[in-house]
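Using the sequences and the hints, build the whole thing.
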Amino acid sequence: MKRLYELPAFVVSRKIKEQEVTAEEYISIIIERIKHIDLRINSFISHNFENAITKSRAIDKKIKEGTNTGLLAGIPVGIKDNISVQGLKNTCASRMLAEYVSPYNATVVSRIEEQDGIVIGKLNMDEFGMGTTSEYSAFGPVRNPWNLEYVAGGSSGGSAAAVASLQIPLSLGSDTGGSIRCPSSFCSVVGIKPTYGSVSRNGLISYSNSLEQIGPIARTIYDLVPLLNSISGFDPKDNTTINRKSEYQTNNVDNILKKRYKIGVLNELIDESESEVAKNTRKKVKELENYGCEIEDARISLSHYALASYYVIATAEASSNLSRYDNLRYGYEGSPEGYEWNSYFAESRSRFGDEVKLRILLGSYVLSAGYFGKYYAKAQKLRSKIRKEFDNLFNKCDILLLPTMPVLPFKIGEKSSQPIEHYNLDVYTILANLAGIPAISIPGGLSEKGFPIGVQLLANGFNEQKLIDVAVLLENVEGFKTWIPKI
Amino acid sequence: MILNDRNKAGPELKIGLEIHCQLTFLHTKLFCGCLSNYRNSAPNDNTCPICLGLPGTLPLLNKRAVEFASMICLAFNCSIPEKISFYRKNYFYPDLPKNYQTTQYNSYELSSIGYEGSIEFVGDSKSKTDDLKNSEERTKIRITRVQLEEDPGKITYEEDKSAANNYSLIDYNRAGVSLVEIVTEPDFSSPIAVRIFLNEIVNLFEYLGVTDPSLEGSVRCDVNVSVGGGKKVEIKNISSFKEVEKSIYYEITRQKTLIMHNIDVKPETRHWDEKRKVTVAARSKEEEEEYRYFPEPDIPRIILGSKFVSRVRTSMPELPIERLKRYIEVYKITEHTAKILVNDKRISDFFEESLVYHKSPIEISNWIVNELLTKINEKDRQGLTDHNTKGLDILTISPKQVAEMAKLVEIKSLNRTTAREIFDKSIETGTSPLKLIETLEIENISDEKSIVKVIQEILSSQPQLIEQSKNNPNTINYILGLIMKETKGRVNPQIALRLIKESLEDI
Chain U
1 MKRLYELPAF
11 VVSRKIKEQE
21 VTAEEYISII
31 IERIKHIDLR
41 INSFISHNFE
51 NAITKSRAID
61 KKIKEGTNTG
71 LLAGIPVGIK
81 DNISVQGLKN
91 TCASRMLAEY
101 VSPYNATVVS
111 RIEEQDGIVI
121 GKLNMDEFGM
131 GTTSEYSAFG
141 PVRNPWNLEY
151 VAGGSSGGSA
161 AAVASLQIPL
171 SLGSDTGGSI
181 RCPSSFCSVV
191 GIKPTYGSVS
201 RNGLISYSNS
211 LEQIGPIART
221 IYDLVPLLNS
231 ISGFDPKDNT
241 TINRKSEYQT
251 NNVDNILKKR
261 YKIGVLNELI
271 DESESEVAKN
281 TRKKVKELEN
291 YGCEIEDARI
301 SLSHYALASY
311 YVIATAEASS
321 NLSRYDNLRY
331 GYEGSPEGYE
341 WNSYFAESRS
351 RFGDEVKLRI
361 LLGSYVLSAG
371 YFGKYYAKAQ
381 KLRSKIRKEF
391 DNLFNKCDIL
401 LLPTMPVLPF
411 KIGEKSSQPI
421 EHYNLDVYTI
431 LANLAGIPAI
441 SIPGGLSEKG
451 FPIGVQLLAN
461 GFNEQKLIDV
471 AVLLENVEGF
481 KTWIPKI
Chain A
1 MILNDRNKAG
11 PELKIGLEIH
21 CQLTFLHTKL
31 FCGCLSNYRN
41 SAPNDNTCPI
51 CLGLPGTLPL
61 LNKRAVEFAS
71 MICLAFNCSI
81 PEKISFYRKN
91 YFYPDLPKNY
101 QTTQYNSYEL
111 SSIGYEGSIE
121 FVGDSKSKTD
131 DLKNSEERTK
141 IRITRVQLEE
151 DPGKITYEED
161 KSAANNYSLI
171 DYNRAGVSLV
181 EIVTEPDFSS
191 PIAVRIFLNE
201 IVNLFEYLGV
211 TDPSLEGSVR
221 CDVNVSVGGG
231 KKVEIKNISS
241 FKEVEKSIYY
251 EITRQKTLIM
261 HNIDVKPETR
271 HWDEKRKVTV
281 AARSKEEEEE
291 YRYFPEPDIP
301 RIILGSKFVS
311 RVRTSMPELP
321 IERLKRYIEV
331 YKITEHTAKI
341 LVNDKRISDF
351 FEESLVYHKS
361 PIEISNWIVN
371 ELLTKINEKD
381 RQGLTDHNTK
391 GLDILTISPK
401 QVAEMAKLVE
411 IKSLNRTTAR
421 EIFDKSIETG
431 TSPLKLIETL
441 EIENISDEKS
451 IVKVIQEILS
461 SQPQLIEQSK
471 NNPNTINYIL
481 GLIMKETKGR
491 VNPQIALRLI
501 KESLEDI
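These protein sequence lines map, in sequence, to chains U and A. The first sequence begins at 1 in my numbering and counts up by one. The second sequence begins at 1 in my numbering and counts up by one.
The hints are simulated quantities; they were obtained by calculation from the structure and are not laboratory data. Some clues are possibly wrong.
[As the list claims (entries may be wrong)] Simulated crosslink set (DSS-like; lysine-lysine; CA at most 25 Å straight-line):
#, chain 1, residue 1, chain 2, residue 2
1, U, K378, A, K236
2, A, K83, U, K237
3, U, K378, A, K83
4, A, K63, U, K237
5, A, K89, U, K357
6, A, K89, U, K381
7, A, K63, U, K381
8, A, K14, A, K154
9, A, K83, U, K388
10, A, K89, A, K63
Spelled out as structure tokens, the structure:
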């Protein structure tokens with residue numbers, strides 16, 4: 001018989017509601033599992049175990065009393081350490097915020113708690129979300145559960161690795177240029193970046209505001225949907241959210257097939273990826289063809305300019321967003337006493353990691369007077385062109401299919417000294433962020449050496465349901481169960 | 001027009017202003033729910049995660065602030081675009097919680113709430129020291145733009161000289177308060193024109209009901225000065241409008257002296273040192289202009305739409321210029337009197353409220369302008385012109401009292417001398433004039449029998465007057481004088497004269 005921590009969240013939650021197990025028992029098992037496993041993975045930065053147990057008792061009490069409980073009753077959710085949880089440290093994996101405790105809850109956290117989900121701890125990441133491997137963390141790199149010598153992907157590496165290694169069933173990540181999808185792909189879990197404006201960013205520590213969204217990570221689409229439903233929708237605390245609350249469904253295969261989705265395959269991008277990645281992606285196309293889906297060749301002509309556009313916009317916004325960190329009001333142990341302001345600013349800001357410093361410098365440069373038109377304005381122009389190109393593509397098909405990452409997971413340290421090569425890894429994921437459209441990464445099998453490969457699906461804005469539908473199709477060919485790392 | 005004055009600098013003197021006006025009548029700050037009124041809070045009490053710029057917080061635009069700013073734009077005859085946006089102005093300073101200021105910026109697109117306006121004003125006839133050749137001539141000042149932005153926090157220094165400081169204290173209570181910046185073209189040609197303009201627009205802000213100028217720091221002003229077509233020097237840190245004028249005079253003298261010695265005037269920012277009354281170089285302009293402006297990603301572009309402007313216009317309170325017109329055309333008040341009323345919103349409002357009790361605009365306006373304001377002048381005239389003391393509040397008199405005075409004079413034929421006595425007493429005690437007249441029993445003697453009785457008493461005690469009156473017509477006036485003395489001026493002279501004549505004829 002399977003142990004509780006191996007089961008999908010929706011199954012356990014049903015058991016809790018039916019009083020087959022208590023929320024407290026489940027949380028205790030999860031806590032033991034984390035204590036046992038995470039020494040090797042390094043996916044957590046901080047824990048919230050005591051509060052979690054208290055919360056689980058309250059949920060058990062509710063259930064005993066016959067009070068209705070929410071979509072996530074008794075389910076532990078890990079939160080990426082750039083999303084604010086009241087009373088918990090919120091470090092962004094940076095020495096700069098080593099002692100910063102958030103005095104408020106992010107909207108997504110409040111919504112999880114409204115649905116009786118339980119915040120279990122804060123998850124490791126690249127500092128301020130800047131990275132594709134989760135190596136750039138002040139708390140050490142996240143290790144890939146499939147091979148501890150390998151990167152977990154980033155920046156939400158902790159969020160994906162903790163779920164993949166059966167520590168927790170659900171987590172939240174944030175995705176600025178692929179930060180949910182990349183680690184989901186490298187760790188073989190499901191991760192979605194929702195449409196820009198569909199999930200509140202209130203409480204998410206900004207890296208690049210116009211690109212990023214919070215999104216859920218799970219081991220199966222059936223677990224992902226309740227968390228997505230819990231967190232999405234208009235929020236008066238975020239002026240960029242859109243008043244459009246839709247409940248997403250996990251439909252059955254027959255009903256999905258009746259919708260006759262047209263799948264556009266970005267063959268060019270598949271060809272450009274590593275051969276095993278290409279091979280597995282084609283296998284997924286074949287599976288959809290076997291379902292009877294209409295398959296078409298599709299092409300994004302601007303994909304090669306996208307990377308430059310992305311890094312200009314992201315670093316420009318980051319350079320401004322990160323300027324507030326000066327340790328005058330909050331941050332780390334240390335006092336401005338005895339300093340002149342400018343020297344204190346310089347002193348405190350030297351605590352940023354190198355990658356963060358690099359991006360702040362880049363962003364400051366592209367925004368400086370005289371360069372705005374050459375870089376930032378041009379990047380925005382390209383961005384709207386990419387949006388138009390996607391609009392046209394989605395007139396012809398419902399879904400675009402491509403690899404999540406052009407490569408397989410690689411060894412920790414292997415690419416960390418090569419920034420350009422590093423940035424190039426994001427080329428398939430940034431498209432959705434630039435266009436503001438939803439994108440999902442789903443497990444697409446393993447390479448010969450046993451490394452996960454993710455498949456990415458894109459849909460037009462607010463068409464998350466299509467992504468979920470196709471994810472259901474692919475999961476039902478060859479369930480996720482096959483791909484659990486041995487740890 | 002060129003306003004001449006003692007420090008006449010010639011036509012090449014150019015002055016432009018940047019005026020910052022806090023929208024103090026908004027309930028909350030520009031981007032969060034903290035109070036706009038930060039002045040009563042203990043340091044750093046009036047703050048929240050948003051205005052402290054804590055990680056993860058997002059600005060939530062106060063829509064009323066956009067409406068208030070639009071009213072200012074319309075009052076300055078600015079155009080309001082259909083779309084506006086916010087920009088980030090990035091610079092490190094401890095009073096900025098995010099190390100950037102959310103503001104508007106027109107270099108890359110039309111972002112600001114208002115642009116290309118103008119406002120005309122008339123030389124103030126009350127300013128007797130101005131040496132204005134023609135006080136009726138109108139001065140037109142072009143407005144470059146009006147923008148909405150957030151106020152930073154406030155730094156308190158241990159010492160005045162920043163170098164000598166061991167510590168400085170930061171209070172973020174003010175951080176995030178809505179601020180409207182109004183930038184003028186360099187259309188002022190004298191410091192006096194600047195002063196008149198500033199008083200004029202402060203009055204305008206009061207009419208609009210957007211700000212209370214009596215609050216310290218609610219309206220602030222930076223100045224740009226260039227002499228003889230030379231480089232522009234910006235003066236910052238000016239604490240009050242009086243200091244604005246002084247700083248301009250100083251700066252003109254400084255620049256002229258440099259030019260006289262063939263030294264180039266550097267384009268720079270200078271601070272006004274209020275104690276020493278000099279401007280001091282702050283930092284040179286060239287190294288300053290790197291603010292890395294870019295559009296604020298957390299506030300989507302605001303589509304005001306085509307109906308927005310007309311909606312704001314209809315919701316706007318009456319402007320001084322409109323009120324002036326109404327007083328002259330509808331109430332038939334003289335332009336001189338109307339202007340005095342309109343020049344201070346509180347006086348004008350006082351007038352309007354008086355009318356509610358007694359609809360006699362001319363009589364009431366005379367009471368206010370000739371009697372009430374004289375009294376205020378005696379007590380503290382300065383308070384009204386500078387908008388920083390209480391003005392009307394220093395007198396305990398209500399609009400109703402003034403209305404009653406007008407009523408007494410008009411309906412009860414009260415003569416001026418008595419009326420003034422009552423008015424003084426009313427101001428002194430706060431008692432209603434109608435009550436006073438009853439309690440003091442100084443109501444006019446208007447019943448003719450009583451007057452005739454007084455006349456007869458006089459004639460019987462001085463019978464020679466009957467004879468004199470036959471030869472000397474002035475005798476009647478002498479008798480009237482005696483009656484007035486006897487009744488302490490409480491009779492209506494017209495009635496008394498008629499009755500004297502009748503009495504003399506009857507004899």
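Satisfaction of hint between K236 (chain A) and K378 (chain U), Cα-Cα up to 25 Å
The given pair, whose Cα atoms are some 36 Å apart, is violated under the 25 Å limit.
CA of K63 (chain A) to CA of K237 (chain U), is that 25 Å or under?
holds, 14 Å
For K89 (chain A) and K381 (chain U), compute the direct alpha-carbon distance and say whether it is at most 25 Å.
Between K89 (chain A) and K381 (chain U) the Cα gap is close to 22 Å, so the pair holds against 25 Å.
Can the restraint linking K83 (chain A) and K237 (chain U) be considered satisfied, given a maximum Cα separation of 25 Å?
Status holds; Cα separation ~22 Å.
If you draw a straight line from the CA of K63 (chain A) to the CA of K381 (chain U), is it 25 Å or shorter?
violated, 29 Å
Below or equal to 25 Å on CA atoms is what counts here, so check K14 (chain A) against K154 (chain A).
violated, 31 Å
Between K89 (chain A) and K63 (chain A), does the CA-CA distance stay at or below 25 Å?
Roughly 21 Å separates the two Cα atoms, so the pair holds.
Holds or violated: are the alpha carbons of K378 (chain U) and K83 (chain A) at most 25 Å from each other?
holds, 21 Å
Given the hint that K89 (chain A) pairs with K357 (chain U), does the C-alpha gap stay at or below 25 Å?
The hint holds at about 20 Å.
Taking only the CA atoms, is the gap from K83 (chain A) to K388 (chain U) under or equal to 25 Å?
holds, 22 Å
Hints 1, 7 and 8 from the list above are not met by this structure, while the remaining hints are.
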